[in-house]
Structure formats: structure tokens, C-alpha cells
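What follows is each chain in one-letter form.
Number of protein chains: 2
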Amino acid sequence: MTSTPTNPVLVHALRGAAIESQHRGAIAVVDADGTLHSALGDTRRPVFPRSAVKVLQALPLVESGAAERYGLTDEELALACASHGGEPQHAQAAAAMLAKAGMDVSALECGAHWPYFDGAIKAVATAGQQPTALNNNCSGKHAGFVCLGCLMAEGHDRDRRAFLSGYIKPDHPVMREVTAALQAATGHDLTNTPVGVDGCSIPTFAVPLHNLAHAFARVGTGVGLRAGHARAALRLRRAVAKAPHMVAGTGRFDSRVMQRLGQRVFCKVGAEGVYCAALPELGLGVALKMDDGNNARAAEVVMAALIEELLPLAAADLVFMRGFSDAALVNWNGIEVGRLQAAPPLRSASVARAVGAG
Amino acid sequence: MTSTPTNPVLVHALRGAAIESQHRGAIAVVDADGTLHSALGDTRRPVFPRSAVKVLQALPLVESGAAERYGLTDEELALACASHGGEPQHAQAAAAMLAKAGMDVSALECGAHWPYFDGAIKAVATAGQQPTALNNNCSGKHAGFVCLGCLMAEGHDRDRRAFLSGYIKPDHPVMREVTAALQAATGHDLTNTPVGVDGCSIPTFAVPLHNLAHAFARVGTGVGLRAGHARAALRLRRAVAKAPHMVAGTGRFDSRVMQRLGQRVFCKVGAEGVYCAALPELGLGVALKMDDGNNARAAEVVMAALIEELLPLAAADLVFMRGFSDAALVNWNGIEVGRLQAAPPLRSASVARAVGAG
Numbered sequence: 001m002t003s004t005p006t007n008p009v010l011v012h013a014l015r016g017a018a019i020e021s022q023h024r025g026a027i028a029v030v031d032a033d034g035t036l037h038s039a040l041g042d043t044r045r046p047v048f049p050r051s052a053v054k055v056l057q058a059l060p061l062v063e064s065g066a067a068e069r070y071g072l073t074d075e076e077l078a079l080a081c082a083s084h085g086g087e088p089q090h091a092q093a094a095a096a097m098l099a100k101a102g103m104d105v106s107a108l109e110c111g112a113h114w115p116y117f118d119g120a121i122k123a124v125a126t127a128g129q130q131p132t133a134l135n136n137n138c139s140g141k142h143a144g145f146v147c148l149g150c151l152m153a154e155g156h157d158r159d160r161r162a163f164l165s166g167y168i169k170p171d172h173p174v175m176r177e178v179t180a181a182l183q184a185a186t187g188h189d190l191t192n193t194p195v196g197v198d199g200c201s202i203p204t205f206a207v208p209l210h211n212l213a214h215a216f217a218r219v220g221t222g223v224g225l226r227a228g229h230a231r232a233a234l235r236l237r238r239a240v241a242k243a244p245h246m247v248a249g250t251g252r253f254d255s256r257v258m259q260r261l262g263q264r265v266f267c268k269v270g271a272e273g274v275y276c277a278a279l280p281e282l283g284l285g286v287a288l289k290m291d292d293g294n295n296a297r298a299a300e301v302v303m304a305a306l307i308e309e310l311l312p313l314a315a316a317d318l319v320f321m322r323g324f325s326d327a328a329l330v331n332w333n334g335i336e337v338g339r340l341q342a343a344p345p346l347r348s349a350s351v352a353r354a355v356g357a358g
Numbered sequence: 001m002t003s004t005p006t007n008p009v010l011v012h013a014l015r016g017a018a019i020e021s022q023h024r025g026a027i028a029v030v031d032a033d034g035t036l037h038s039a040l041g042d043t044r045r046p047v048f049p050r051s052a053v054k055v056l057q058a059l060p061l062v063e064s065g066a067a068e069r070y071g072l073t074d075e076e077l078a079l080a081c082a083s084h085g086g087e088p089q090h091a092q093a094a095a096a097m098l099a100k101a102g103m104d105v106s107a108l109e110c111g112a113h114w115p116y117f118d119g120a121i122k123a124v125a126t127a128g129q130q131p132t133a134l135n136n137n138c139s140g141k142h143a144g145f146v147c148l149g150c151l152m153a154e155g156h157d158r159d160r161r162a163f164l165s166g167y168i169k170p171d172h173p174v175m176r177e178v179t180a181a182l183q184a185a186t187g188h189d190l191t192n193t194p195v196g197v198d199g200c201s202i203p204t205f206a207v208p209l210h211n212l213a214h215a216f217a218r219v220g221t222g223v224g225l226r227a228g229h230a231r232a233a234l235r236l237r238r239a240v241a242k243a244p245h246m247v248a249g250t251g252r253f254d255s256r257v258m259q260r261l262g263q264r265v266f267c268k269v270g271a272e273g274v275y276c277a278a279l280p281e282l283g284l285g286v287a288l289k290m291d292d293g294n295n296a297r298a299a300e301v302v303m304a305a306l307i308e309e310l311l312p313l314a315a316a317d318l319v320f321m322r323g324f325s326d327a328a329l330v331n332w333n334g335i336e337v338g339r340l341q342a343a344p345p346l347r348s349a350s351v352a353r354a355v356g357a358g
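Taken in sequence, the protein lines are chains A and B.
Residue numbers for the first sequence follow the working numbering, so the first one is 1 and each next one is one higher.
Residue numbers for the second sequence follow the working numbering, so the first one is 1 and each next one is one higher.
Wrong hints could be hidden among the right ones.
Claimed, not checked - Reference excerpt, derived from the structure (chain A facing chain B, CB under 10 Å, subset only):
# : residue
1 : 73
2 : 121
3 : 199
4 : 319
These aren't lab readings, by the way, just hints derived from the structure by calculation.
A virtual CB, placed ideally from N, CA and C, is assigned to each residue, including glycine.
Taking the hints into account, I'd like the entire structure generated from these sequences.
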């Protein structure tokens with residue numbers, strides 16, 4: 001993973017009529033057979049997908065039977081795929097998942113941080129409290145790991161807490177299962193790719209955008225997944241479509257888009273400018289990474305533009321998505337000072353052509 | 001201000017041993033005669049300097065005599081040049097500046113926002129309060145505008161509050177004075193350049209990095225400024241060196257660097273990845289802009305690397321600066337997961353050569 005060649009500019013930040021900043025990146029749109037339908041930039045360089053692949057990491061939770069064994073709800077399964085805002089209902093759902101498996105917050109190894117959602121920060125502070133691991137944006141994913149581990153320990157009649165300890169390590173049976181699901185879905189050799197430690201301390205494996213998009217085409221269609229993973233993917237997509245607030249939170253892109261478009265889109269942000277999505281009705285998966293990675297602002301614009309270009313949308317839905325792909329920047333006095341806009345390469349025929357060519 | 005040509009990669013974000021993200025940008029290092037000493041990328045494209053030029057915008061406050069008339073302290077003058085964290089002492093100093101001119105928070109037209117500093121957010125929330133315009137990161141700059149306006153109104157025997165109203169507008173006498181100072185220092189024709197509205201609602205004029213660096217060489221030396229501006233620049237630099245906490249705040253780059261290096265560096269961040277600095281002992285000014293602009297993370301790395309490369313530093317100071325130019329990235333469990341590093345072009349002889357060639 002060396003310096004990239006020069007990826008195209010995908011987003012402009014305008015102030016007044018002038019380009020103030022710009023964001024480069026790469027995009028892959030792939031079908032479930034692994035055929036590339038459209039691409040911009042370098043899609044073969046491995047990138048760390050970070051939280052964008054939480055749905056892949058949650059496949060073993062469902063396939064193993066742990067989700068059924070502990071009676072996890074749609075809300076809780078959506079939380080297992082989430083980078084949530086640490087709002088009270090997120091933290092409560094994570095606690096409920098743990099309780100169903102007979103565990104509590106002390107089992108979580110993701111670390112604590114202040115909630116992402118402003119309102120939740122203020123709620124915790126006003127109550128004179130400190131955030132816990134339940135407020136960590138990954139607490140649902142980790143609660144899912146704990147549920148999976150509890151089932152694995154039951155199966156082997158082991159002390160569950162002792163078995164769970166260190167579940168974030170690459171060689172722990174829980175993490176081996178999670179990594180195997182990632183490898184199966186992406187088809188990328190994870191034993192021979194850069195590996196890092198994620199924000200929540202589990203390993204993150206670098207995967208080319210082409211393979212990430214392929215994995216999401218598989219998640220959206222079931223094609224190319226083994227039967228257990230295909231059923232799990234369908235279950236997780238349905239859960240997120242029923243409880244989109246749980247996958248992100250108040251005012252956030254993934255929740256808002258899936259509240260609006262339901263199962264037509266499954267999209268998930270990752271840190272450092274990564275986004276993945278499945279567009280099941282088209283049989284396509286999408287993966288993108290902004291070079292600068294800094295935060296989600298440019299990645300959201302690109303994902304919105306891709307949804308617009310690829311998915312046939314009613315006029316009102318198009319207007320809704322355009323609110324993200326051509327968004328007003330407003331200052332502290334509420335004055336519109338600029339716009340955040342998808343750049344010309346995203347509006348080219350070559351991106352939309354994917355659908356016709358499918 | 002069209003899309004830039006391809007500026008070089010100046011910062012790498014590593015996760016493990018792999019490059020996860022990268023930041024492109026441009027740099028100009030210029031002396032007080034306007035001679036370019038070193039450059040990377042496109043330094044002729046006008047960029048919005050945003051808050052990086054607050055010291056230039058504060059020149060009229062001092063030159064006019066308003067700072068002396070109202071007895072502004074070092075802390076208050078530093079605050080006039082600040083993008084502060086909205087901490088209690090920042091808000092209190094802004095209130096004190098206004099009180100000295102017989103005004104209060106209602107005179108500020110910058111808008112209110114939650115403080116930048118986490119501890120200040122929690123303090124406001126815990127007290128059950130809402131932030132005011134005093135917490136706005138620009139409140140000191142605006143309090144300075146109000147002081148300048150009050151003196152101008154006195155001089156003309158006008159009702160001060162009526163005179164001040166709309167001081168954020170380009171054609172208001174206060175803002176005309178501020179813009180004239182910016183034009184004089186940068187030597188760039190502001191009547192013929194892109195203009196936008198800044199976060200705090202005053203105009204921001206696009207200026208090439210070359211001219212911004214030239215302006216900061218002038219601020220650091222007084223050379224090329226008219227006598228009143230030269231005296232004002234010296235007064236403001238001294239004030240900031242005496243009260244560096246006021247120019248940014250707890251844990252923030254500008255405060256920490258100037259607490260350490262005193263008057264050897266005057267540096268100031270701007271939104272969207274801009275940084276300007278004066279290195280008075282070298283007679284040099286520095287200006288940089290990261291293409292992606294997203295937040296300050298990459299701009300700080302570049303500014304730290306430039307200070308290291310340009311300024312002769314004692315070993316302990318070099319280690320201190322290296323903590324910014326090659327910084328550990330730590331996750332929620334306190335594990336080092338990567339590094340944020342100045343890229344090779346910044347470590348090249350061509351950057352450091354500026355000094356020898358001076």
C-alpha cells in the first residue's frame with residue numbers, strides 16, 4: 001500500500017463561486033460475478049475498509065445461530081452492523097444484547113469514548129456521567145462478538161468469561177470466525193495483505209475496492225456466498241431496513257438514506273473516507289475510498305451521487321439524495337456560504353452505464 | 001480558483017506499516033522583499049486564508065489607537081488574533097474587551113456555536129447553559145472589530161450602537177479598514193479576486209499562498225509595512241507570545257508551539273487546511289493550504305515539519321516539534337495504531353535550503 005497514483009477529484013467544496021477545497025478518491029462498482037461495471041481511480045490498491053464491513057463481520061453472529069439462540073431483535077442486529085452515535089437507545093440496545101447472553105458491559109473490549117452525537121454528549125455531561133464502552137460507536141458490533149463467543153463457549157462447555165477474554169485478538173476463535181467471513185465474502189487473501197489495528201482494537205485487513213464492491217454485490221444478492229452466509233446477509237439487511245436509526249443515528253447519512261429508501265440500498269460508512277453499499281435490485285456492490293480520509297464529508301457526497309446515478313429514483317427521492325450530493329454549507333449565522341458538490345467525473349455517463357451494461 | 005493541478009503529497013496517515021490516507025497541498029516560503037525561498041505545489045492560485053490572517057485583520061485595532069484607548073491587555077490582543085476553544089477564560093476576555101468599549105455580547109455579529117474544546121462543551125452543558133457568541137472561536141476578533149468601531153464612532157460623535165450595526169458587511173467602515181489592512185500586507189488586489197463569506201460572516205478574500213507568505217514575512221519583520229502597521233504587528237506578536245493560551249487553547253497546536261518557542265514563531269491556523277506563520281529571526285513568512293482542507297490534522301503536520309526544517313532548534317525543541325510532524329495515532333484503548341507523518345517532499349533539501357539562500 002504505497003502512495004496512490006493520482007486518483008480523480010470527486011468532490012468540490014465551494015465557497016461562494018470558487019473551489020476552496022477538493023477531495024480525490026477511487027470508486028469500484030462490481031456485480032456478484034465479480035465483473036467490474038464502472039470504476040474511477042485505482043481500485044486494485046488494498047485499502048483498510050474499517051467499519052464499512054461491519055455487516056460482513058456480523059455474518060457469523062447470524063450463521064452460527066447465536067442471534068436466534070439469544071433472541072436478538074431487528075434493532076439489535078442493526079446495531080451489530082452499526083457505527084452508532086452513542087445515543088441512549090443505542091447504548092441500551094447494546095446492554096440488552098449483552099444481557100441476553102448473560103453478560104454485561106465489562107465483557108466489551110472496544111474501549112470507551114464520548115458519543116459522536118452532539119445531543120448524546122450533552123446528555124451524558126448534563127447527567128454528570130462519563131461515557132462507557134456502551135457509548136462506543138462499535139458497541140453493537142462488539143456485543144455481537146460477545147454473543148457469538150458465548151454460543152461458541154456453550155458448545156464447548158467452557159467458562160464463558162474466560163473464553164471471551166481477548167476476543168479482539170486476531171487468533172481468538174471469535175475473531176478467526178469473523179475474519180473467515182470477511183475473506184469468504186471479499187475473496188481477498190487476508191493472510192497476505194496489510195493489517196492494522198482498528199479504532200475498537202480488532203484487526204482491520206486491507207482489501208482492494210474491487211473486492212469490497214464484489215462482497216457487497218454478494219451481500220445484496222446472496223450470489224457467491226455459502227448458504228449460511230447468504231441467509232445471514234438477507235437477515236441483516238432486513239434488520240437494518242427495519243431499524244435504520246440503529247445503524248448510525250440522528251441526522252446521520254446511513255440512517256437517513258435507509259429510512260428513505262429501505263431495502264433498495266444498504267450503505268455503511270467506514271473511518272478514513274471509506275464507504276460500501278449494496279444495491280440489491282441492480283445486483284451491484286459499491287466501494288469507495290477518499291484519499292484524504294479525514295472524515296466522512298466527501299465520502300457521503302460521493303456515495304449519494306453514486307446512488308443517484310445508479311438507482312432509478314422517483315423525483316422526490318432524487319431531490320432528497322441531491323441534498324447530500326450538492327449540499328449547502330451554512331455558517332454560524334445560518335448563512336449559506338458555499339456548497340459541497342459531487343465533481344464532474346461522478347456525473348459522467350461511464351458511472352451510470354453500469355446499470356445498462358448489467 | 002479552478003481545480004488545482006496535482007499538488008504533491010505532503011502528509012501520510014499510516015495504519016500499521018501501510019499508508020491509509022494521504023494529504024496533498026502547497027507551500028510557499030517567502031521573505032519580506034517578496035522573494036520566494038522555497039515552494040511546493042501551486043502557490044499562485046488564490047486560496048481563502050480564512051482565520052489564518054486574523055493578525056492582519058487586527059492591525060487596524062492597534063494602529064487606530066483603539067487598543068490603547070480601551071486599555072486592551074496582552075491576553076485581549078492575543079484573543080483578537082485567535083481561533084479559540086471557547087474556554088471560560090476566552091469567553092471572559094471577549095466579554096471584558098466589549099465592556100471596556102462600553103458594549104456587551106449583543107454587539108457581536110459572529111453567531112453562537114458550541115465551544116471547540118471538549119472540556120468547555122461539557123462545562124457549558126453541565127451548567128445547563130447554551131453557548132453564546134462569546135464562545136464563538138472568533139469572538140475575540142469580533143470584539144476587536146467592535147472596539148475599532150467604537151473608536152471610529154467616537155471620532156465622529158455618532159451613536160455607537162447604530163454605527164456598529166452590520167460591521168460584518170464588506171462596505172461597513174470597520175470592515176473596509178480591515179480589508180485595507182489585508183490588502184496592504186498581502187499586496188494582492190482584493191477588488192479582483194474571489195470572495196466568500198467566512199464562518200463568522202465577514203468576507204474572506206482569496207489570496208495566493210505566495211502573497212500570504214509575503215504578508216507574514218512583513219508581519220515578522222515590519223519590512224514593507226507602513227509604520228503604523230509595523231508597530232501594530234510587533235505589538236500583536238508580542239501579545240500572543242506573552243499569552244499564547246489565548247490564541248487557541250488547551251492542547252491546541254498554536255498555543256503549544258508558541259508556549260514552547262515564544263516569539264521565534266508566530267503561527268496561526270485557518271479553516272480548510274490553511275496555515276500561516278512568521279519566522280522573524282529568519283525574515284521569512286510561510287503559508288500553506290491542504291487541498292482537501294477537511295480539518296487541521298494534515299496542516300498541523302506540515303507546519304510542524306516546516307518549523308523543524310527552517311528554524312535552528314535545540315534538541316529538546318526538535319523532539320517537541322517531531323511530536324507533531326510524526327505523531328502517534330492512538331485508538332480508544334490507548335493502543336498506537338498508526339502515525340501521521342510529514343511526507344518526503346517536506347524533508348527535502350529544497351525546503352531547508354530557504355534559510356541558507358536567505
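Okay, the hints, checked on the actual structure:
1. 73: 26 Å, violated
2. 121: 7 Å, holds
3. 199: 5 Å, holds
4. 319: Since chain B brings no Cβ nearer than about 25 Å to residue 319 (chain A), farther than 10 Å, the hint is violated.
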